[in-house]
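There are 2 protein chains.
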Amino acid sequence: VLVGTRNPLNMGAAARAMSNFGFHDLRVVRPYEVAFREARSAVGAAALLRSAEEHKTLAEAVADCTLVVGTTAIGRRQLKQPVKRLEAGAKHIRKKLQSSRVAILFGSEKVGLSNTDLSHCNFLIHVPTRKEHLSMNLGQSVAVCLYELSRSALPEAIAGKPEAIKAGDLERVTQLVLEAATASGYVNDRSRPAIEQRVRRLLRRMRVPAEDTGLVLGILRQILWKLNQ
Amino acid sequence: VLVGTRNPLNMGAAARAMSNFGFHDLRVVRPYEVAFREARSAVGAAALLRSAEEHKTLAEAVADCTLVVGTTAIGRRQLKQPVKRLEAGAKHIRKKLQSSRVAILFGSEKVGLSNTDLSHCNFLIHVPTRKEHLSMNLGQSVAVCLYELSRSALPEAIAGKPEAIKAGDLERVTQLVLEAATASGYVNDRSRPAIEQRVRRLLRRMRVPAEDTGLVLGILRQILWKLNQ
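Chains as they are written, first to last, in my numbering: chain A, 13 to 241; chain B, 13 to 241.
Honestly, I wouldn't trust all of these hints.
Unchecked claim - 30 Å max Cα-Cα, derived DSBU-like pairs, lysine-lysine:
1. A:Lys143 / A:Lys92
2. B:Lys178 / A:Lys103
3. A:Lys107 / B:Lys103
Note that these hints are calculated values from the structure, not bench results. Keep in mind the model is a prediction, meaning the values are calculated, not measured.
So here's chain A without its partners, still in its complex pose (with noise of 0.2 Å):
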């Protein structure tokens, strides 16, 4: 998923690597419209890119995905989500991908991705890269993420893991929780933002069964019910 990118060369890019590696679902978040239509020239990766699913938010554009997977330079930021490095954080997304969708996201070229992006994932990858010069380059960021996905490793047993939420469903989750934090006066319009990315992130770390999303979801309705009588 590629969210908010500037250059066109770099959405090429992104799209070869794919198409070199065997990924094919390519999804742009708010891309720039100019750098999203020249893309579409990129060597080898012009029918990838023809099929790739433009969405207006990334809550929208994971929605069918158990795992969500941000990726990020560390840099000065302070991160609120636990980061892998890319060889531990590939070899939880390789497992995954055998029973369900990953999504992983890659940010902006100038800022990658923002807070609120991040809110949404339930861990971030890190290239490995040197101190002082932590940050790649989109395209090449692309290549070695996948690159390290698909180097061979043989699927390790997976052994009686409940399947996990769908990000929709979880975000369904997400504001539930909101709406009765706010109906309750927990949360005013003020505090809303913070307490948003908080919850947002709190909940992908929580890792919410499939199984149990119905419960979940009839408790916060029915709570939610009450409050606004």
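Guided by the hints, dock chain B onto chain A, whose structure is given.
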């Protein structure tokens, strides 16, 4: 060692990847002069490009190295050198680098390395790509190769796992959720024991981070207070 590179963006991208992964000694052989001049503006890699050595022949460029490795997309060419997959090749290269200099050659965008270029190589490395789309972008290929070379066996987690909530706090959360579910009418006396068990199990699987205990308890208490008004 970049051999016959045409596109300044690729030359800049190669230099940037070198800088990211801690490689300093760029050599160029028969570059397209304009490309070489224009590349010098690459983000964060200007110094590296300024100090790049230019050589008329490949032989001269690799003269001080004890191991010369070519990169290849394989394709339809009959190769006369041993070809290793990147991972295996990188292991060999890392070992050699402890005691001497190793040259890694990248050919031009259109045709890669010529048979004459290849004849200078001890072996070739190949980034495993999809057979329908073998050929990588030059800058991305450099990035992937240098990533694999610099990948080390350091501990995996960077910003480790968040500290988990204590069982006592978790039970407090459990009870508050049940009280809220009861006050809202989701649970009644008959259904309570079964729901209580499900909620307790669910919360244990969800791994609430310790640092968020206050947030969770705060939201729940406020909701409960409002429900009971």
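Hint-by-hint comparison with the structure:
no.	hint	verdict
1	A:Lys143 / A:Lys92	holds (20 Å)
2	B:Lys178 / A:Lys103	holds (29 Å)
3	A:Lys107 / B:Lys103	holds (25 Å)
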